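Given chain A, work out where chain B should sit, using these hints.
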Amino acid sequence: MQRIYLGEFEELVLLTVGVLYDDAYAVAITKEVEKQSDRSVNVSAVHKSLYRLEKKGMLDSRLGDPESKRGGKRKRLFNITPYGKKALDESMDLRVSLRKQIPELAFKWQTN
Amino acid sequence: MEKKPTIPRLPHAFFKWYCQPGMYEEMHGDLEEFFYERAAEKGLFTAKLLYLWDVLRCFQPYAWRRPTAPTNAGIIMFRNYFKISLRSLMKNPLNSSINVFGLSVAIGIAVFVYAFASWTFSTDQFHEHKNEVFLVTFLADRDGTPQEYGTTPRPLGAMLREDFSHIEKVCRVEDRPVVVKYGDRVYHERVRYADPEFLDMFTFPLKQGSKASLADLNSIVLSENMAEKYFGTEDPLGKEVLVKFDKDNGKLFKVAEVAAKFPASRTISFDFLVNFDNLRTSPAYNVHDWSSTVAATFIQVDDPFNISSIEPGMDKYKAMQNSAVQPDWAITSFAFRPLATLHETSEYIKDGISRSSKDNYMSIVFMAIVAALMLALACLNYINIAIVSAAKRLKEIGIRKTIGATRGTVAVQFLAENVLITFFAMLLGVGLAMGFFIRGFEQMWGFDMDFRFSDTSLWVFLPATLLFTSLVSGIYPALYISRFQVVSIIKGSVKFGKKNTLTRVFLGLQLVFACVFITSAVTFTQNSAWLGARSWGYSQHEALYTGLPDAQAFTQLRDALSSHPDIVSISGSFHHLGRSEQTAVLHFPDRQYEAMELKVDARYFETLGLQLVEGRAFRENAANDKQAVVLNATLAASIAPGVPTSEVLGQVFDIDSTRYEVVGVVADFHAYDLSNKVEPTFFSLANKNDYRYLTMKTKHGTEKEVYEALQGQWATLFPETPFMGGYQEDVWGLYYEVIDIHAIVWQVVATMAILLAGLGLYGLISLNVVGRIREFSIRKLLGAGLSSIATNITRRYAALFAIALGLGAPLSYQAMNLLFDAAYTYHMPIGFSGVAVAVFVLIGVLLLTVAIQVARLRKFNPVNGLRVE
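Protein sequence lines, in the order shown, are assigned to chains A and B.
Residues in the first sequence are numbered from 1 upward in steps of one, following my numbering.
Residues in the second sequence are numbered from 113 upward in steps of one, following my numbering.
The shape of chain A in the complex, shown without the other chains (with noise of 0.2 Å):
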């Protein structure tokens, strides 16, 4: 099977709605991956993330109620569906088993 692509600010935004359960909308995601990634982050850049992960399949959303703060419009929220799961599993993974299959002397480096 071929093996399922997931870029690198894809899988911390994935992760992050996870995180954020229930209330993960664009807002409070940014702020969330700018608070735990300590880089700045523009919001169109997690749109976009988040509009492409549902296309994938990873994420699923419904719209909530309007608020004041937001000029009385609705936010979308999100939330992760199983593939999505399936997905950071297996990235976990892949990661875990390279890591492990590094030799020791590879980190034993000699001072000269």
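To be clear, the hints were calculated from the coordinates, so they are not data collected in a lab.
Since the structure is predicted, the reported quantities are computational estimates derived from the model, not experimental observations.
Hints may be right or wrong, so weigh each one.
Straight-line distance between alpha carbons at most 27 Å, and here's what the computed DSS-like set of lysine-lysine pairs gives [as the list claims (entries may be wrong)]:
#, chain 1, residue 1, chain 2, residue 2
1, B, K430, B, K195
2, B, K160, A, K69
3, B, K160, A, K48
4, B, K195, A, K35
Using the frame of chain A, we list chain B on its own:
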């Protein structure tokens, strides 16, 4: 609750415009949430900036509106045409590139002609008052024909200003040669004296300084070129230059204005401009003298319509003028020529101040004809190839018609395809024109055509050319192709392309055009050599000359140079061949002639090598030779038509009531370049105190040494005056370069024509061979040799070639005679060699094309040609 900050309107509108309606609510909600938060934390301004940034960042394909699928059947249909056209273009790269390339060359030439024409017609049009400003001219009777002159009696300008309420401004203009000096830069220049109104009437763009400066007697206005020549990178404003009017008089002028670069096309401009009243400082200039003229007088009226009310009032000046001058110079009337059309009218105005662009009109007509023929060549190529290659698309047409296309829709499809091809060709053609034709032309002639895309009429011209070209080349193939019946297409019974008379006629026409172009290229090249070898009527190669500041300088220079071993003879004169002469009227008891007069000394003929055919030259130190004249053959023939030249000797006539006698006749000579007719000319003896030229004959091959000796003597004798000498063979300036350019232009045109005709022929023959591939395969299988196949292909075109060349050759010959008579005053006798070269080249092209096809057939496996799927 506090008042909410408002979202910036413009970025919001932009977001709304590009965002998918379905995503707008959630996405913009996010943006708003950020915006309000930031407004509270970081201030409204930062929030607005960041909002704008977010909007721009979100401008990405995932958020864009999806284009709505077209529902209009017409659009869908045209999109399909477009796709099919591109596919069929890609499928036949050879044919498409022949078509596109041919059309683009033709369009390139057309764009070039357009640029040249618009350059010519824009002459002087930048002057704001071009319709209100008029040049005052007068008409006089010369040998029975009225002649218009551009000069004006001197007092007229001031009087016009007083006498007519409709005349708002008057400006007199006079030119004088001077020496201009700034620091160590000293050059001969021409200064233009003009009334202060000059810069109001002629609105030249300014670079530095102010227009009013001309009113100041001590100010001078410089052109941009002159500012660079004298001041380089220095700022010229306020600097003082010395203007030397003659040897003893000079004056310091302060630079008060520098004109910007003059528009590329103009009839009137200036190098240096000073106030007209500076002329009065030289005492000889009398502004009240009716018998003297000023170089030009311009008037500006309040309304161009009122010029007709001024004209009747001019009669009283006519009376004043005619009472002041001799009856020879009486005038018949005054006239006014508007500035807007001066570049056209000045061709017929003698001694006018402005340049005529009539030569350019001739060129435009010639080039327009060439461009039209090129376009015709390219269109014919297209038509031929389109018709023959339609065979490949018969099935497509059949299917289209079966599913409901009418003849009209099929025709429209093919026309649309043609518009597309022509459009590509036009892009390429404009590129060709800009990068190659226009640039090359500008470099050859050394001027700036000022061609810009911002020219609005260009955007009428280009689409018009596009439409015209695509219709002309596309309409016939479209109608022809759309004619076929579905049934016969499907049955395969369409008889096609085998014997299309029209195709042959078109190819024939192409050959005729190509024949004309090649002939003219050959003939122009030959003529260029012929003109180069044509004798000037005297030995210009061994002669050197120099202008002189005064007669004393002649004695000084002659004494200094007379011992030089390489100088054969030295002569002094008031006029000089190719440099100066004057007009005189010869009175016989019963008739009169206008002729050119050159005042020279006794050794002039010998020095320049002018050939005496009858009588004698002037005698040195013979007092009564003061009344002797020597005529050139043209004048001799016109005063005594039909008699031997020897009988002209001894004839007498009056000039300004002094009697002269003919003592000799010289052979005709070309004082000016070969575009000028030999004028009736005579020589008379110059007063020794009037010498303004010194002419020398050198031993053959020593011209350079003598020239350097002359320059050296000049530098020691007259260190203050710039050198005025030169080689006699250089007095025609760039004439021979211009002639060579004519040849180059025609060579380029002929190359294009050969290329176009060759490509067309190649395309046709290769299509023909492809169409007959089965026939050739059978021939090959049955043992036909290559020569028999070659003959077979050629036979089809032999008759066509014979007819086309039989028509084209005499036509070319006639066209050359017409063209050369119109373009040149003197040209070589037109022979048949040009036509012969054209015929050989075209036959060569045919043979080459056939050879290529035969070579292809030689490698071709006949089995492939016979196999049927």
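With the threshold set at 27 Å, check whether the alpha-carbon distance from K160/B to K69/A stays at or below it.
OK: K160/B and K69/A at ~16 Å, within 27 Å.
Sort out whether K195/B lies within 27 Å of K430/B, counting only the CA atoms.
violated (76 Å)
K160/B paired with K48/A [C-alpha distance capped at 27 Å]
Given that 27 Å is the threshold and the Cα spacing comes to 22 Å, the pair holds.
Would you mind confirming whether the straight-line C-alpha gap from K195/B to K35/A stays at or under 27 Å?
violated (52 Å)
Comparing the model with each numbered hint stated earlier shows that hints 1, 4 do not hold.
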